[in-house]
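Protein chains in written order, with this note's numbering: chain A, 85 to 408; chain B, 642 to 1020.
Derived by calculation from the structure, the hints in this document are not laboratory data.
Just to be clear, a hint being listed does not mean it is correct.
Which residues of chain A face chain B? A few of them, derived with a C-beta cut under 8 Å, are [as the list claims (entries may be wrong)]:
hint: 1; residue: Gln-138
hint: 2; residue: Val-142
hint: 3; residue: Arg-236
hint: 4; residue: Gln-315
hint: 5; residue: Ala-316
hint: 6; residue: Ser-338
hint: 7; residue: Trp-386
hint: 8; residue: Ala-396
Note that CB positions come from ideal geometry on N, CA and C, so glycine has one too.
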Amino acid sequence: MSETLELILQTADKLFSQHCNKELINQAETGQFADGLWQEVEQTGLLLAGVPEQYGGVGGEMSDFFRLLELAGKHSIPLPLADTYIARLALYEAGIDVPDGPLSFARAGAAIPFGRFSRGVVLWSEQELRYVPKISDEFVEAYNYAGEAADRVSIDSDAAVILSTQHDTQWWRGLAALSRSALMSGALEFLLDSSVNYALERKQFGRPIAKFQAIQQQLAVLAGQYSQARQATRVAALNTSSVDFIRSVAVAKSVAGEAAGIGSEIAHQVLGAMGFTYEHDLHHRSRRLWSWRDEWGNEAQWNIYLGKQLAATDPDELWQLLTA
Amino acid sequence: MNTSLDFRAVDLPDSTKDLRQEVRDFVAHIQPQINALPDSNFDADSSKWFSQQLGAKGWIGMTWPKVYGGGGRSFLERFVVTEELVAAGLPVGFHWIADRQSGPVLLRYGSEEQKQQILPQIIKGEACFCIGMSEPDSGSDLAAARCSAKRTDQGWLINGTKLWTTGAHHADYMIALVRTEAGGDDRHAGFSQFLIDLKTPGVEIRSIPNLAGKHTFNEVVFTDFYCPDSGLLGEQGNGWEQVMSELAFERSGPERILSAYRVLVELLRELNGEVDDRQAEVIGKLSAHIIALRRMSISVALMLEEGKNPALEASVVKDLGTNFEKMMPEMLRLVAPINTSERFQETLKSAILHAPSFTLRGGTREILRGVIARGLGLR
């Protein structure tokens, strides 16, 4: 790990621990933007991680930002960090002035994450990226499983600017999908920690439930799922300038999405009724996992994408592709 | 807690690319001379001739010191060779155990004499090893092993039975875990390892056909079997520690992911490029897992290279990997076309019939999950 990355992660972990708690996340669900936390993130320059210096960033690797997203997922940060980062990157590449404040990055025609709070949205389609600097105030307010704003809005296409970026649209979609994998990896880490701690504390039949093999076996599965999701995500994040980037995103989104389902099921089983309450903070992670695994392509969609690509090759050359 | 899960997103170094190409050229050259369908289940088939060819290339014992004839190469280079051979479905059974774990155990604990005598034979593909761990009353509970050795004037007198011993019927040597003293309160105390020459009298090897009708594992009975003093491997009484260190080598390699890989290859051949969404989804899902698991396995190989103890990570890879390889034929059979070739059917059949063993051999899924749970601090 580079020193810069270490510093970024330390700073972020400290900031997230100090400024984001259960109450703040709950408040965000009532439609309040976590403005204080947003200001802290901006002032600390976290969103400049892995942004090339030519765009005013701190340089480093793009994978640095995905590591930061793991932490954001772990802490359930109720801000559009991933979207703002990706949208800003698209604007930098297109040479367009980046406004202050949060931005959205959304599939054209789909819900716009944090739309009502955004200063602008970059709309993705197979053909192009378009930037809409001003979103109309006519929102149909809607929410994802985690209670995060995912608004419907009619876009004034006259105001849209087509972005001419160095990367193609597939790459941008890959970045968006990978951001969800990174968030999921972080949330899975929380699930593992939280379930292990609970199992060690909670006593039934006169001993901590951690002592029961049935619980141990489940948590071992969760540890495996988390490890696999994190590994695939980190591999893909190091691959952003490779020709195989989209393939590694497909892998990461597929295995992380699967881990989200398996992992949250296990954590909820271990935490029992306590974890099913609104009072407990498990649902901040599990509900986000259920949203993120569907955003920017669920497991099936990425598996089909990958499968079609691989099925088109000579079977005797499949191994070469898998090891590329 | 989870910080103890030390997976790193490392890739194989570029310096392994030439080696990989060399192995692929070798595979292309040798495959037509093998008279069996490719099978990526590493203990499906065994050929001394094949292992000798491999030995001649310097690809057995490749991480071992040159002084014993080894290659002095890295675990990452070994990883490249092993995964290429398994993916190609070649008959690696003859040298596999010796190359993976018996050799490393000998290197770590063996006497100079044992190393000089045995390692060069393994390296040439001429010595086959088997693992003497399980017994009739000792499966997952290895410490219940009862096979015993008593020191006498003529050497160690060994009595007992080893069971489920893969390849014993063509093996030259066994490394056996044997009780040399009563355990007492510490069940793990009193064990020693022995290097046993299976070609000496007093050992009886009985075939146990598996459910596929194949002869891979055996019962090995020692009746008043004399093992010379020089057969003691490592320190007397240190057997448990030695056997545990052996397991890390056994638990994380490509053979724990790819056992059913050839079914995927043969399904693609059947489909001939025409896939519907259902088929594509299965092919994609399985491939995604291969790619992800492989990178976890590489991370473990790097830990071995760095001299770290990857026991926890290796168990995670084996748990995920063996469950995955078991799922593979199950998913593929459901998307196969109605009419398939004999080649596909035979490949699928071998995978389905051998799949029950995938999550048993080398430590059951349940034992591995227990190891992981311990690593998480649960027990």
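Here's how the hints hold up against the structure:
1. Because the closest C-beta pair between Gln-138(A) and chain B is about 26 Å apart, greater than 8 Å, the hint is violated.
2. Using the Cβ-Cβ criterion of 8 Å, the hint placing Val-142(A) at the interface with chain B is not satisfied: the shortest such distance is roughly 21 Å.
3. Because the closest C-beta pair between Arg-236(A) and chain B is about 28 Å apart, greater than 8 Å, the hint is violated.
4. At about 5 Å, the closest approach between the beta carbon of Gln-315(A) and any beta carbon in chain B falls short of 8 Å, and the interface hint on this residue holds.
5. The closest approach between the C-beta of Ala-316(A) and any C-beta of chain B is roughly 4 Å, which is under the 8 Å cut-off, so the hint is satisfied.
6. With a least beta-carbon distance of about 4 Å to chain B, the hint placing Ser-338(A) at the interface is held under the 8 Å criterion.
7. A distance limit of 8 Å between C-beta atoms decides the matter here; for Trp-386(A) the minimum to chain B is near 7 Å, and the interface restraint holds.
8. Annotation: Ala-396(A) was flagged as interfacial toward chain B, and the flag holds, the nearest CB pair being 6 Å apart, inside 8 Å.
Hint check: violations occur at hints 1, 2 and 3; the rest are consistent with the structure.
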